[in-house]
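A.B. asks: Read off the chains here:
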Amino acid sequence: NAGVTQTPKFRILKIGQSMTLQCTQDMNHNYMYWYRQDPGMGLKLIYYSVGAGITDKGEVPNGYNVSRSTTEDFPLRLELAAPSQTSVYFCASSSPPHKTGGTEQFFGPGTRLTVL
Amino acid sequence: RKEVEQDPGPFNVPEGATVAFNCTYSNSASQSFFWYRQDCRKEPKLLMSVYSSGNEDGRFTAQLNRASQYISLLIRDSKLSDSATYLCVVSRDSGGGADGLTFGKGTHLIIQP
Numbered sequence: 001n002a003g004v005t006q007t008p009k010f011r012i013l014k015i016g017q018s019m020t021l022q023c024t025q026d027m028n029h030n031y032m033y034w035y036r037q038d039p040g041m042g043l044k045l046i047y048y049s050v051g052a053g054i055t056d057k058g059e060v061p062n063g064y065n066v067s068r069s070t071t072e073d074f075p076l077r078l079e080l081a082a083p084s085q086t087s088v089y090f091c092a093s094s095s096p097p098h099k100t101g102g103t104e105q106f107f108g109p110g111t112r113l114t115v116l
Numbered sequence: 001r002k003e004v005e006q007d008p009g010p011f012n013v014p015e016g017a018t019v020a021f022n023c024t025y026s027n028s029a030s031q032s033f034f035w036y037r038q039d040c041r042k043e044p045k046l047l048m049s050v051y052s053s054g055n056e057d058g059r060f061t062a063q064l065n066r067a068s069q070y071i072s073l074l075i076r077d078s079k080l081s082d083s084a085t086y087l088c089v090v091s092r093d094s095g096g097g098a099d100g101l102t103f104g105k106g107t108h109l110i111i112q113p
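As you go down the protein sequences, you meet chains A and B in turn.
Under my numbering, the first residue of the first sequence is numbered 1, with each subsequent residue one higher.
Under my numbering, the first residue of the second sequence is numbered 1, with each subsequent residue one higher.
Hints listed in this document are in silico derivations from the structure and should not be mistaken for laboratory results.
Beta carbons: idealized from backbone N, C-alpha and C, even for Gly.
Take these hints with a grain of salt, some might be off.
[What the hints assert, rightly or not] Partial list, computed: chain B residues near chain A (C-beta under 10 angstroms): (1) P8; (2) S32; (3) E43; (4) P44; (5) K45; (6) V89; (7) L101; (8) T102; (9) K105.
[To be verified] Some chain B residues well away from chain A (every beta-carbon gap over 12 angstroms; in silico): (10) F11; (11) G58; (12) N65; (13) Y70.
Bound conformation, chain A alone (with noise of 0.2 angstroms):
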């Protein structure tokens, strides 16, 4: 299994610029997760789904879009690119969480985006 992979690995847009990262994952997972992480600081949740056709917004949503039509992939679209989304962006995935403890999410290996 590949686990969950994403591409591009690096990026440089110009402000104003769009773009699409690609997310996929064969663990048959139902849930799916887009967090960014910027230098010295915690992952924020952009965008998650709990299956395909259902998506909902994180924490941190605004200038991002989403959409998940198969269970596998889960592109994060960026419309209109500012400096301000310079990130590293990491796609992850994970089973139905338990009632009685967590569940492990999986991390794909992250796509490098710099807006200048």
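Put chain B on the given structure of chain A with help from the hints.
C.D. replies: For chain B alone, coordinates are given in the frame of chain A:
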């Protein structure tokens, strides 16, 4: 008060030593607790979950104090390969939460030969 607070370090520790660091969380309704490890420029990976009774995994011991709202991680007989950033992670939901996890900024650990 920040949701999850950690001392950023760095903790510089000689190989073979024991090191411990704590994390505090602000939401008393938090249910699930984890330590993740993140190597430089890599993705986070689960190190261990933290249970109310405390739990151990080899050289690693995690403790939870709900009354004081803090979580600890103890590493015994530290190895060079333990050098990494350790992220304290908390979820509001009992099962890890469909809306994701709250991450601390991490504690940077450097094991020196």
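A.B. asks: Given B:K105 as an interface hint, is its Cβ closer than 10 angstroms to any Cβ of chain A?
C.D. replies: Holds, because the Cβ-Cβ distance from B:K105 to chain A comes to roughly 5 angstroms (cut-off 10 angstroms).
A.B. asks: A closest beta-carbon separation below 10 angstroms is what the hint needs, so does B:P44 meet it against chain A?
C.D. replies: holds, 5 angstroms
A.B. asks: Taking the closest Cβ pair, is B:V89 under 10 angstroms from chain A?
C.D. replies: Holds, because the Cβ-Cβ distance from B:V89 to chain A comes to roughly 9 angstroms (cut-off 10 angstroms).
A.B. asks: Given a cut of 10 angstroms on the nearest C-beta pair, is the interface hint for B:L101 held or broken against chain A?
C.D. replies: Constraint on B:L101 satisfied, holds at 7 angstroms.
A.B. asks: Does B:T102 pass the interface check with chain A, least Cβ-Cβ distance below 10 angstroms?
C.D. replies: holds, 8 angstroms
A.B. asks: Taking the closest pair, is the beta carbon of B:N65 still more than 12 angstroms from chain A?
C.D. replies: At roughly 17 angstroms from the nearest Cβ of chain A, B:N65 sits farther out than 12 angstroms, so the non-interface label holds.
A.B. asks: Verify the interface restraint on B:S32: the C-beta must sit less than 10 angstroms from at least one C-beta of chain A.
C.D. replies: B:S32 check passes; min Cβ-Cβ to chain A is 4 angstroms, inside 10 angstroms.
A.B. asks: Is it correct that the beta-carbon of B:Y70 has no partner in chain A closer than or equal to 12 angstroms?
C.D. replies: Non-interface label on B:Y70 holds, nearest chain A Cβ at 17 angstroms vs cutoff 12 angstroms.
A.B. asks: Quick one: work out the minimum CB distance from B:F11 to chain A and report holds if it exceeds 12 angstroms, violated otherwise.
C.D. replies: The claim stands: B:F11 keeps its Cβ more than 12 angstroms from every Cβ of chain A (closest is about 16 angstroms).
A.B. asks: At a threshold of 10 angstroms, is the proposed contact between B:K45 and chain A supported by beta-carbon distances?
C.D. replies: holds, 7 angstroms
A.B. asks: Quick check on B:E43 please, does its C-beta sit within 10 angstroms of some C-beta on chain A?
C.D. replies: Interface hint status for B:E43: holds (4 angstroms vs cutoff 10 angstroms).
A.B. asks: Is the nearest CB of chain A more than 12 angstroms from the CB of B:G58?
C.D. replies: holds, 17 angstroms
Violated hints for the displayed structure: none, as all numbered hints are satisfied.
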